[in-house]
Each structure stands twice: as C-alpha cells, then as structure tokens.
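Chemist: Sequence:
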Amino acid sequence: MLQPRGAVRSSTFNQSAGSRRYARQVQSCHITTRTSLLRRFTELCPALFSEIVFPESTASVTPDPAVARRRETKPSLPPVVPRKFVKMAAFDQETNKKDPTDARVKKEVHRMVEHFEALQEYLEQVDSALDSKVAAIRWPANGGAWGSEAGMALLMEQIAAELSTLQADSDRAVVVCGSSRVAVPTSAGQIPSNDNCPDVVFLFPEASTESKIASWKRVDKVWKRHFQRTGVHLIDHRLLDDVLIFVELKENSAKQVEARDQLFRRFYRATATKPIRQWIFGFTLCGSDLRVYIHTPTGIIRSRRIDCRTESGLGTFKRMLLRFLETNDQAFGAIAYAGSLPVKLDMTRLPPQVFPSIVRSSGSPVPAITLLNRQLVSPAMFGSRPLIYRIELQEAASDFEGGSQASFVDGQRTRPAQPHTMRLAFTCREQTRRGQLLGKIVRANPSNALRFVPNLKSTLLNEDNYWTVPPSVGRAEKAHKFVPRSLKCDIYDGPYRTVLEVESTSAMVKLHIGVVQGMQFLLGQGLLPRNFSNGSIMLSPDGQGVLTDLDDMICLTDAFAASKRRESSVGGLGFSAERGYPGDDGQTAIVQHSAWHLIESLLNVSQYVVCSRPDGPGGERHMSRDACDLWTEWNDEDSKSAIGSKAKFYDNIHITDYRRMYPVFWAGLPRLYAILDRYCCLRGPVGGNTVEHLRQQDHGMQPAQWRGRETLICFSGFSLSSTKMSLSRRGVETHEIALEPHWFRVQTERIKRCNSQAKKDY
1 MLQPRGAVRS STFNQSAGSR RYARQVQSCH ITTRTSLLRR FTELCPALFS
51 EIVFPESTAS VTPDPAVARR RETKPSLPPV VPRKFVKMAA FDQETNKKDP
101 TDARVKKEVH RMVEHFEALQ EYLEQVDSAL DSKVAAIRWP ANGGAWGSEA
151 GMALLMEQIA AELSTLQADS DRAVVVCGSS RVAVPTSAGQ IPSNDNCPDV
201 VFLFPEASTE SKIASWKRVD KVWKRHFQRT GVHLIDHRLL DDVLIFVELK
251 ENSAKQVEAR DQLFRRFYRA TATKPIRQWI FGFTLCGSDL RVYIHTPTGI
301 IRSRRIDCRT ESGLGTFKRM LLRFLETNDQ AFGAIAYAGS LPVKLDMTRL
351 PPQVFPSIVR SSGSPVPAIT LLNRQLVSPA MFGSRPLIYR IELQEAASDF
401 EGGSQASFVD GQRTRPAQPH TMRLAFTCRE QTRRGQLLGK IVRANPSNAL
451 RFVPNLKSTL LNEDNYWTVP PSVGRAEKAH KFVPRSLKCD IYDGPYRTVL
501 EVESTSAMVK LHIGVVQGMQ FLLGQGLLPR NFSNGSIMLS PDGQGVLTDL
551 DDMICLTDAF AASKRRESSV GGLGFSAERG YPGDDGQTAI VQHSAWHLIE
601 SLLNVSQYVV CSRPDGPGGE RHMSRDACDL WTEWNDEDSK SAIGSKAKFY
651 DNIHITDYRR MYPVFWAGLP RLYAILDRYC CLRGPVGGNT VEHLRQQDHG
701 MQPAQWRGRE TLICFSGFSL SSTKMSLSRR GVETHEIALE PHWFRVQTER
751 IKRCNSQAKK DY
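Residues in the sequence shown are numbered from 1 upward in steps of one, following the UniProt record's numbering.
Hint data in this document are derived by calculation from the structure and do not stem from the laboratory.
Keep in mind that this is a model prediction, so the values were computed, not measured.
The beta carbon of each residue, even a glycine, is placed where N, CA and C say it ideally should be.
Take the hints with a grain of salt, since some may be wrong.
What the hints assert, rightly or not - Quick list of simulated restraints, FRET-style, between CB atoms:
| no. | residue 1 | residue 2 | range |
| --- | --- | --- | --- |
| 1 | Ala254 | Val222 | 41 to 49 Å |
| 2 | Glu311 | Ser253 | 13 to 21 Å |
| 3 | Lys481 | Glu501 | 47 to 55 Å |
| 4 | Ser340 | Ser253 | 24 to 32 Å |
| 5 | Thr348 | Trp139 | 35 to 43 Å |
| 6 | Ala214 | Glu311 | 30 to 38 Å |
| 7 | Pro617 | Pro352 | 38 to 46 Å |
| 8 | Arg678 | Asn462 | 26 to 34 Å |
| 9 | Gln436 | Ala150 | 53 to 61 Å |
| 10 | Pro617 | Arg229 | 44 to 52 Å |
| 11 | Asn328 | Lys221 | 35 to 43 Å |
| 12 | Asp127 | Ala254 | 26 to 34 Å |
| 13 | Gly619 | Gln418 | 45 to 53 Å |
Start from the sequences and build out the full structure, keeping to the hints where you can.
Modeler: Here is the structure:
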C-alpha cells in the first residue's frame, strides 16, 4: 500500500484490507519523500527536548505525548542509508601521534604540489636595488663550502652576518639553529613529530629578541653541561609560532625528498600556531640545489631546482635571502603575529568590506579590531582553514545605527563594548556564491534563520582578489587545477562559543537541538551542509547550537549537486568521509553524502567534547591516553581497521558503563545517544557493518528505472521519483515516491507486488 505523503514506516499495513485474501504487510520498504525527511527531523526534535528538562544523571525521560498515545506502535525508523564511516582526520592537534601525523601529511599533500612559473620569475627577476648588495657578497668563502650539513650551516651563518652588516636596520633575525634533538613546541601544545629543530629560521620581528635567538641556537650538550654545573635548567624560549620562514639543509641532493618532507611537516605544524597568515614560505638547500616552496590554502607551489654553483643560481639565492630580510612580512602572508593577546589588528591587512551589514549604516567603515583570545584553529593544510577569535570592536559613537554598540559621552567610551566573534576563512568563488544565497534566505526568513545561523554584523572580502599564487609573488597561469581562494572575514554580533565550552549534558542536548533544527530549516530551503565539526557548529550566546560553516553547503537544486555529493572532503575538515568502502579487491563503492551522515558527525562532535573534557568544564582540556588511542584508531590509515573500530564504538552505544564514551561527569549521555540511535539508525542495518555487507548495499547507487516511466534522481541523500504516481480511488492522494538507493534493487519486486495488491484492495 502506498503511504500518505511524508510517511516513514518500518511496517505498513492496509487495515481495511487486512481480512482480505492475499493482503500483504510491507516490511521495511522505507517509502520516503523529501517531506518525510523533514518529518524525521521534526520527530527527532521533540525527543531531544524531552531530554533537556532533566538533570544529567538521575532523571528519567518524559515520554512524548504523541508517542504515549500509541505505545503499542514501535518508533518509526529512518531510511537505512549506507553510512559513510566517518574517519577522524586529526580533529585537533592533541589527538595526533607520530605515525598518523606523518601519514596524514603525506595523504593531504599528495597531488597538491605543483610548479608555478610565476614563482620562478619572482625568484629570478632582476632587482637593481638588491643586486648591488648581492654583488658585494663573495661566497662561498672562509670554509663555507657546499657539501656537508655542517658546512651549509657555516655558510648560512656567514651570509647572515654579511647581510646583517649590509642591512643594519632590519628588524628580522635569521638564525642558524644549534644541534638540538628537542622538538620545538607550538603555543597549542606539543604536536608529536619525528623532526627535531629546523636548520635555519627567519623570525618575526616581534620574536627577534636576544633571549629567543639564544634559545634557537641551543646545543643540547652545552645545555646539559650547564645543568650539571649549576643545577639550573636554562629556559627554552623557542616556539614554532615565532617562525616566519622555514629552511631545511641537507648535505647532498640525494636527500632532497627527505628535506622536502621535513619542510612539509613544518608547514603542517605551523597551522596550529598563533600568527594569522595566508601563506608560508620555506626552502630546501641540498648540496647546492635550491628549491623554494610556498604553502597556501589552495596547495603547495614550488620552484624548479636552482643550481647555486652557477653564477646566476648563486645570485638568485643571495637575492632571495635579501628579500626575506628586507621585505615587509605582509608579503610573506603575515596578517598578525598575535604572539601574545590581546593585540590590535592592522586593518590595512584585512580585505575591504563588500557586503552590506544588517545593522551598520551604508558606507560606514569597519572599526578597529582587537583580538581577545583564539577559540579555534583548523588543523587543515588546505581548504577554508577557519580561524575563530573572540574580538572587540573599537567603535566610534557614529559607527552604528543600533545594536550592541558601546555607550559614549562626548565621543568618549563610558562602558566596554560587547565582545564579538570573528571567523577568518579562505573562500573560493563557489563558496562565496553559496554564502550570498544563504544571506538572501536569512533576509527572507529572519525570524527563523537567525535562530540557526550566527547574526552576521559585517563581512570583509575582496571579491576581485582570488588567488592561487600569493599576489606578492605574481599571477598564476589560467586553467590551473588549484582552486583560487580569497581571505574572508565574518564578524558575528555577540560572543559565540566553540563546542568545547559546553557546560553539561543538558547543554549538550540544547546544542543538538539547535543543530538538528538548523539542518531541518536548511533542508527545507534545498541546502545540505557537508560537514559538522568543531568550528562548523558553535554555541550562540544563549547556548543553542548554530551552524557557522555554511559556505561549503550543497545546493540541491544545482545541476551539479549529484556529483558534488559524491566528492569526499578534501583534507582538512575536522571529519572527512572516505570516498567509499574499501573491499578486498581494492575497489570502493561510492556513497553519496546525505543528511544522516551529518547526524553521525554530530555524535562524533559531542563525543570529542567528552573525550577532551572528561571531568567537565572545571577540568583540564586534555585527552586521556585511552581516549587518544580511541581517536587514533579512527584515524588509522588502514580503512578496514578504522571501520572496525567505529563499528565497535556503535555496538557499545547503549552500554552506560563504557568509560571511553561516558565518563562520570557525562553520565547522562547514554539517553541522548539512544535517541539519536533510535531516530537516526546510527548502527545501520541489521546483519553487521561488514565491508561485504556495506558493499552489497551500495550496488543500488546507480540510477534505475521502474516500469520504464519513473527515473530516479538524487536528492537530499535519497532517490526521489521525478514523476508523480496518481491513484484514482477515493481516499488516496497524489504521491512522490522515494526509494533508498541501496534498497532499490533489493526491494523493487516486493514494492511492485505490494502496490499492485494495494490497488486491488482499494
């Protein structure tokens, strides 16, 4: 029997025909429409609301009145989708271990390194002002021969000394680091790494102090002897945050790959540092072979090999070093050093305001911004790479027509302004278009949309400056495979918080409610988010979950929506779904992205909060070794191992004493996870989540035809009939039939028989 529009049932039955011969009960057909998807979330929200009204540990759940009236009916199930087991891709720096970190860097960088002629021209172009200084430097000399790593260090010391003499007014230090096997930490904490100290570093001007330079020159043997003699440990002032440019040296060209990989790991670790920058320079010098690399959000660009034994090559090398010392650090991608907060931003380094604000008067400039504290840094190497800061706007009395401005008397501030939130990200043109589309939806539905998305105060973006090569270097060739990006700065009205600031289980439930309702609203507008993670969802000032990373949504009405939904996340989202399930034969079955995968990501976000703060908001933000091992399992490069670990995780979802999931402070979470499991089928279909079973489900992903008339089209994670099936008998309305793609081949004949019998019954 055909279900009423929007129905989702695990078991349907025509009661009026129940006594007739051949009447059939349809088991688990999951006839679904887009309306049913929205209804699914509508049913989920009241269930979540029933959780929020009680304390975390002892209260029982008040049943939904609608459910209480029909206790004999089992909860309806969502469509059983072939879930993408979401693999952890280093959600935060503290979850990494050495081997997964190295493997992840190699995986992200794969096919993301390209030669750009613009960089080669930038390095080799003649500069009369610099070349006159270059001619005065005679190298190699005084034992600084090409060859050994020690010789290279001596050569760099001599060059640095000569350049310091020629450029006495330079406020940027270049340091040849001492022999130390102690890894250099970041401000975010130590990221495990197999690498020791870099060979040479160019420091930010603010970090070019005597104490820091002395620490960078540390030699472990000298420091150890000092401790043995005095009993006092010297303070190590080194931080990766202080490095503007990285250099790796090797004794010969045969070690080029080793030096390159070391440099890439430096780039990766630098993503966790405090400085706000758009790109990072680095170079390797292996013997006399020079190669320059620039790490950008679009990819890593490199130069060709430059032989420094030749006259032109040596001139290029010395000219490059002079540029690195003389040029303003903005040319090397630096927006703000931000080594210590609060710090006032240089507004000339931010893009201009291009979008009209809701509360700001037309043409009013953006006031000065003071960074108060950093709330989130993305560990991604490429892509949007969002940064989130709590900020204060230094506003003048006339800057705003209304809103949350400070009080002024005679132009002087009488009370501090309300803190705001700033999100920096690198957006492409397509993401900008989707952001503008969402802005139109928000303006058309302000009362609904503003509950689920942050209240945007201003957006700073230079729409005429999308780049693949840093503008200070030159312009890239057209039709290159890298996606051009531009820095975008969103300023939200109010202090939004990251998910790590959730105070309790009740607050966790409130976060889930806001996110689920926001997703329901977006699906109603034909928009499907790609990802939920720390940073893509946040807490509003009143504690409700809101969706922030909306530039990367899929517009389901777009002609290319189906292909976009087949794409896996590239690199640096907090969670990245694999492109498909791996089989023994090495083949993978593609699984399209759907709303139900976001529910799994939402559960992962809450579980990450629990693992990171097992003792609640009053405890230290640090993962236990056991929890870190769990996340490392999910990040296993062996996809089968990762899937097996995730399947075990879901098998234990209802076990309240499973301490990896439910520390004592978060003891109320089993009820929340039980609701998500009941309404969203987190554990997947009965029969186990084996690779073979998942691959069998995926066989129905290709478009098919039913009776030669209805062509299935992909929409919102399901396959919807493009035509309507009308039944002329009374009591039956027109329907849109939606069949799960993985279910189609298995259930087609059964559905044909059931609908044929239903017509006879009517």
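Chemist: Hint by hint, note whether the structure agrees.
Modeler: Outcome of the hint check:
no.	hint	in the structure
1	Ala254 <-> Val222: 41 to 49 Å	violated, 31 Å
2	Glu311 <-> Ser253: 13 to 21 Å	holds, 19 Å
3	Lys481 <-> Glu501: 47 to 55 Å	violated, 39 Å
4	Ser340 <-> Ser253: 24 to 32 Å	violated, 41 Å
5	Thr348 <-> Trp139: 35 to 43 Å	holds, 37 Å
6	Ala214 <-> Glu311: 30 to 38 Å	holds, 37 Å
7	Pro617 <-> Pro352: 38 to 46 Å	holds, 39 Å
8	Arg678 <-> Asn462: 26 to 34 Å	violated, 48 Å
9	Gln436 <-> Ala150: 53 to 61 Å	holds, 56 Å
10	Pro617 <-> Arg229: 44 to 52 Å	holds, 45 Å
11	Asn328 <-> Lys221: 35 to 43 Å	holds, 38 Å
12	Asp127 <-> Ala254: 26 to 34 Å	holds, 33 Å
13	Gly619 <-> Gln418: 45 to 53 Å	violated, 29 Å
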